[in-house]
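Residue numbers (this note's numbering), protein chains in the order written: chain A, 1 to 118; chain B, 1 to 1048; chain C, 1 to 300.
What the hints contain is simulated information worked out from the structure, not anything from laboratory work. Backbone N, C-alpha and C define an ideal beta-carbon position, used for all residues, glycine too. Take these hints with a grain of salt, some might be off.
As the list claims (entries may be wrong) - With the Cβ distance kept under 8 Å, some of the chain A side facing chain B (calculated, not the full set):
| hint | residue |
| --- | --- |
| 1 | 47 |
| 2 | 68 |
| 3 | 97 |
| 4 | 107 |
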Amino acid sequence: MVYVALITGFLLILMGLYGALTNRNILRMTVAFSIASTGTHLVLVAVGYIPGRTAPILDGAVTAADASLRIIDPVPQALVLTAIVIGLGVTALMLTYAYKLYETKRTLDISKYTDLKW
Amino acid sequence: MVSTLFIIAGGLGAAFLLGLLREEWRGFAYGVTLAALAFMSWVAGSWLWAFVFDGAVGVDVFTAGHNPPFAINLRMGLPEAVLVLLVNAMGLMVGVYLKGTLMRLGRRAMAVLLVAVLALCGIILTRDIFNLFVFIELTAISTAGLVLLSADARALGAGFKYLVISQIISILLLVGIIFAYHATGTLNIDGMAEASVALMKGGTLAFFLILMALIVELKPFPANGWALDIYESAHPAFSALFSAAFSAAMLFAVDKVLLIGGEPWPKIATGVGIVTFVGSNLLALSQTNDRRLLGYSSVAQVGLVLTVIGQRAVLGEHYLFVVGGILLAHSVAKAGLFWVSGLVVERQLSAWAVLRQNPFLVFAFATFMALLIGLPPFPGFYAKWELVHALVSEGRLALVVFILFGALLEVGYLFRWFGYIIKREASVESAMSKPVAFLPRKLVVIGVGVVSAWGLGYIWGALSDFANVLQALPVLFALSFLALEGLPAKLKNTLAIVGLVAFFAISYENYNQLQLIFGAIILIGGAVILLASYETHGKRIGFYPSAMLMYAGLAMLIVAEDSFSFFVAWEILTVGSYFLILRGKFSEPHALSYIIFSLGGAFAILAGFALAAGGAPRIPLEALAQVPATLAPWVFILLAIGFMTKTAAIGLHIWLPGAHAEAETDVSPMVSGILLKAGLFGLMVLLLNMGKTQFYGVELTYVLLWIGALSALLGNLMAIFQEDAKRLLAYSSIGQMGYAVFGLAMMNHLGWLMALMFVINHYVYKSMLFLSVGGIAKRTGTRDMYRMGGLIALMPLSFIAVLIGIIAVSGVPPLSGFGGRWIFYNAIMTADARLPMILIFLSGPVAFLYLFRLIHTIFLGQLKDEHRRLKEAPFWIVVPQMIYVVFLLGFAVFPGLALRRVDAFLNPYFPNGGLNWEGLTISSDFGYWSPVSIMITIGVIFATLLAWLVYLNHNAQKVKQFNIVFAAERPYRPETTHFAWNFFAPYRKALGFMVQPFVTQFWDGLTGSLHHTAQFTRKLYTGNGQTYAFHLLAFVVVVYLILVGGLV
Amino acid sequence: MFEWMKIPYALLTLFIVVNYGLLMTALIAKIGARVGRRHGIPIYQNYIDLIKNYGLRSSITHGFMFYLGPVFRLTGGVGLILFVPIIYGSEVFSNFSFAGDLILALYFIFFGTLGMALGAGESGHPYAAIGISRGLSQVTMAELPLAMAVFAVALQYQTLSITDIVAAQQGGILNWTLFTNPFAVAAAMMSFLGSMMRPPFDVVLAPQEIPIGPPTEYHSSYLALMQTNRVIFPIAKIAIFMSLFFGGAASWPVFFLKVFLIYMVSVFVGVVFPRFRVEQSIRWFLIWAVPMGVLGLVWV
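Just chain A, with the same shape it has in the complex (with noise of 0.2 Å):
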């Protein structure tokens, strides 16, 4: 399970990585950088998994106690969350800026925003 995961995971970041680079709409490549970075968040979670315990929360099922023997690592966890936010932000921002362009060249191609070059 584990590594099916955290192949899968690094797969999505390849093909996101792939994505990103041959597409040359902006929107494709935003939506494949969304791709490596759920690639990323998965293998985050997968990294954080250990095969036979039960979720992170303690409950009447676990005790603060015994926790540490029955719990998967919660640290990733609370990492994901915050990387997922971190995405959030920053594909929404890449999204404001694929309007802005377009605004700008009515193209969303991005070999055509080469302005800025040498």
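Please arrange chains B and C on chain A, whose structure you already have, making use of the hints.
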């Protein structure tokens, strides 16, 4: 003390508060923003104060009621305090600078600024790796927002490219973090460092990814196209923040994270850093857009800091001093330059000429430029010294070479730019339009930058183990002229003269004989030349600080006792003289090549001293004698090359003719008569202490002998083909310095005496000739000799000066030049080598050619119609000439006054072969010479014959100009009758092959190929965001391959 | 303390040299004419010319330096002869050689040249300037082998004093530098040819065609001073050569003979060869005389 958390909290709180405000309350919002930034700066400042003055120790701030690793902790130590203060103060200044833009865009933009600043503080303070990630992302988002402050529409593209990159970075970082966490079980940086072994066992790749993510944020060459686009298009105030604060924070993050890795990871930092430093500086050479150029330069500087971070182990306790010096210098300078760029409307470099309208801005640019390059008295200078010494003592010579090469490239484009500012016309439109009104608010911000630059210089001087440059009396005296710029030039001139003479009066008692000779030439001689400066009118802004800086450097040079103070003096005099030379009307390219050669030479000297020091931070100059035999030749070569850039030895001479010829009338004698002696002094110090040194069996003084002889011959040969009188004199200086180098290289008593005699003579007659020619050029409006002619009757005093001057130069008895020749012949009698003498034998008569040409084509021959009403050269220019004439006559009769002391001084070093000074006759082991008898004999014969001629010919009639015997024709016009142009045509036919400009072609070829490389390589930056992303990934992969393949 | 007797002695030397020079140059002119199948001038012709020129009343001047030019020129000649010990071993005819050694003599040669060139320059005559330009160009290269030869000789005898150099050559003809360092002497003699204003190196004056060269504008008493110099100066120069390379002279007859023979070297060459242009003579010195000088230096 206020808790560190308030820095974060203050920023966040204010940002939230801004969100609650009404859109219309912009003034209030702006006030809140500035207040928050000021508050944050104050907190940081109070910590810094506590660390420095109250002896506080670093503290960790814990959050969420738990200790790490269960909660995030922030650390506040001295470096953190400095950087946080830097970031916040920079934020505050940017806030002030951006007032117009922020007021227009409203509270949201202000909030973004606040967030950016607090995020940077977070990056610096946090000790948690994931927290670091969060702050980095926060920075990225706020950056993408702040990029949009720019009015430039292209900034949108740049911002998007940045977002693409930051996405990739965040992926690298996250993946790295999670696996590092997996391997170590902690997110705390210090915890990871403790678990380093475990991490490195399985998680090398994880750590690699973290490190690379952070390094990529530092815009390593060549994966940095996106950053350059931002620099080019963003608002300059933001670029200032981006360059100064972002880089500082990210560098600190790299520094923190490198703690985790241990060996060999710092090597990656060094490798990436040095490639970036050299590569970016190279590419900056061919930039024409000011902000993009600054971008390249920023990237390069950050590369340098990264290099240094990688060398932490080498630097030991000096690490913070060095890295802080370079980083703070970079931050302040780059921010300052970006702020200045906000005042300039057009983007090409020459548009910055508009700064000339405000001398303060020129001063600011010069300050930032010097700060960036690391000239004294700025922090980079001390840091560079420590760095090079540390690296050399560890044997990292290649790294030193690259650092110095990169720094030289930087010198090249920055000084070229400064030349544009001083010399170019801003543009057609702005030249026509009215003076630009610079916003006072922005000027204040720039002023803060300038003040902090000098403040940092003072602090670093005080922190260093060496004397504080800003406390040296000569430097202070020179700098005080900056404050007096408003006074009229004549008053400042008097002050300068009094200062020079007074300084000589207070210090001459402590001089030894050698220093006394040089001291008298520099201080008294300098004062005499300054008499000519009374001729100028107005305020002459910029002249006195530069000139006095040069004199300060020279005065410090001759009393320097250790390698550090020698080097300080050397750089100071170099910089002062550069500003002085640049003042000439057409000096721009020549001043540039002067500074490049000089600083190149200075770097060679630095490397030489570092090599000689063998780990010590500095050595007494006498210790050069104790350099181990394996290193000695290298030290010798490096130092000799450095000094010979100043004496303009052949091969390193191409800067001199233009620099001396195009300089102002009273500057030419200063830079020729006085400045060149610095190189000779250096060579003397070198040779006195190191003596003869073998390099793979080749005697290095023997090589010097050839270099001196070649310089003497070729310098003189080139001089005879010049049409421009000042150029002629300039080339002649190359020859004269060649003689002096030759004399020193003979390494015997009389050789040195001859060199010292040249030092005195060359000062006198070259100053005199430059002044005469300058005065004539002032009257005739040209320096081309063939346009003059027949001026003897109109300018008799100038004629007498030139006549005495050329008799003295050519060595014809009875004037003092002959003494030099006589000593020369006696010196070569005991020299080891014979063949180089042949070149000297030839160059003597060749000197006669150009000297005669000088006096003939200007004063004799046919007077031109347009010159018939000319008057004698200006009074104040003639005064020093007459002083020199009297001195030359006196020195001719009584050379012993000066030489006898020197002779005695040389005895301990060269016990054999001194002169015998009994009675009126001076005798050596081989011959004798009696100046007084010669003078009297010649005088009596001359007077007798003249009396006889007058008796025979007293009624000779003065005839008109064209009343000459002209076979079968009649003279037509003065122009066609004055035989002057290409005077030595047969000589050119016979020996012209020797003056082909091979050396110039060589250096042109070198600089040309650098520029072509830059031009070619920068095409890498296509402007396409995807390409940049690809660069980044490729960069990471390549570094990984290198890591796997080579280092680990 | 200065010995005032030196002054009459110096005047005596001058008197002898001037008369000898006047006669010798006339003789040489005559020899040259005979080679060209002409009758030539009477032996006393130089006296007539000199007296005539000193007697001429008409005179003009182009200015201050023009006036001083001949004075410089003659001071150079007279000074040179007085700075050189003429007769070896004679206190009377050592004149002012106590003022300086060989180097003084060598550099003082330029004194007259410089003054003359300046004076001629002020005349404003382009031919004078052209002559000077050619002359200076040529002399720089002609001086080089001489300097090397002098250096070689000084190294050989380890002294720069002319008297000591002559002393070292005493005791037989084989002790002359001519035999102890033939290369140096060869170099010096080539240089000598270049400085004697005779073909092939006389383009500076170009005596036969248009009036050219520094003296173009000079006449009457100016010219007379220069003529006086033209009889003194070569003898002074030859005296140096004689002392350095040919054993010096211990008495006046030997002096007269040696000076005449050395002078004749340039005459022999001169009547045979055509004239070089300046760049040709520069190359000639560079290709033939300079290597000779190098050999001389290495030989020591």
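Now the hints, each set against the structure:
1. 47: Since chain B brings a Cβ to about 5 Å from residue 47(A), closer than 8 Å, the hint holds.
2. 68: violated (12 Å)
3. 97: Since the shortest Cβ distance to chain B is 5 Å, the answer is holds.
4. 107: Nearest chain B Cβ about 12 Å off; hint violated.
Consistency note: the structure conflicts with the earlier hints numbered 2, 4.
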